[in-house]
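K.L.:
Taking the hints into account, I'd like the entire structure generated from these sequences.
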Amino acid sequence: MGYYLMIAAGLIGPFFLVKYRESIGDMMGEADWMKKVGGVYNVVFIVAVIIFFWTIAEMTGTTSILFAPLRKLSPGFQPEAAAPTV
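Mapping of the sequence shown onto the numbering used here: position 48 corresponds to residue 35, and the numbering continues sequentially without gaps.
Any given hint could turn out to be false.
Computed cross-link-like contacts, DSBU-like style, restricted to lysine-lysine with a CA-CA straight-line distance of at most 35 Å [as the list claims (entries may be wrong)]:
(1) LYS23 / LYS6
(2) LYS59 / LYS22
(3) LYS6 / LYS59
(4) LYS22 / LYS6
(5) LYS59 / LYS23
Hints are computed from structural coordinates only; laboratory data are not their basis.
P.N.:
Laid out in structure tokens, this is it:
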């Protein structure tokens, strides 16, 4: 049951983040790094898009594909070696 509630929140939550991004942005304030990506309202929008796509990936079981580029950037990533053929 909790899984379905999280999926529902992950699909509905980004809608409200986009709808109320001005209120949320005013509540958060603007940091210097946010100006480089378009301001606080754009950061809220980007977070909403990331949450939405992450939820879709969780629903379909494709989070490994979604996060594959991030795993390759991490220093602990070891590519899987091909099985030896005999």
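K.L.:
Hint by hint, which ones does the structure fall short of?
P.N.:
Hint check: nothing fails, all pass.
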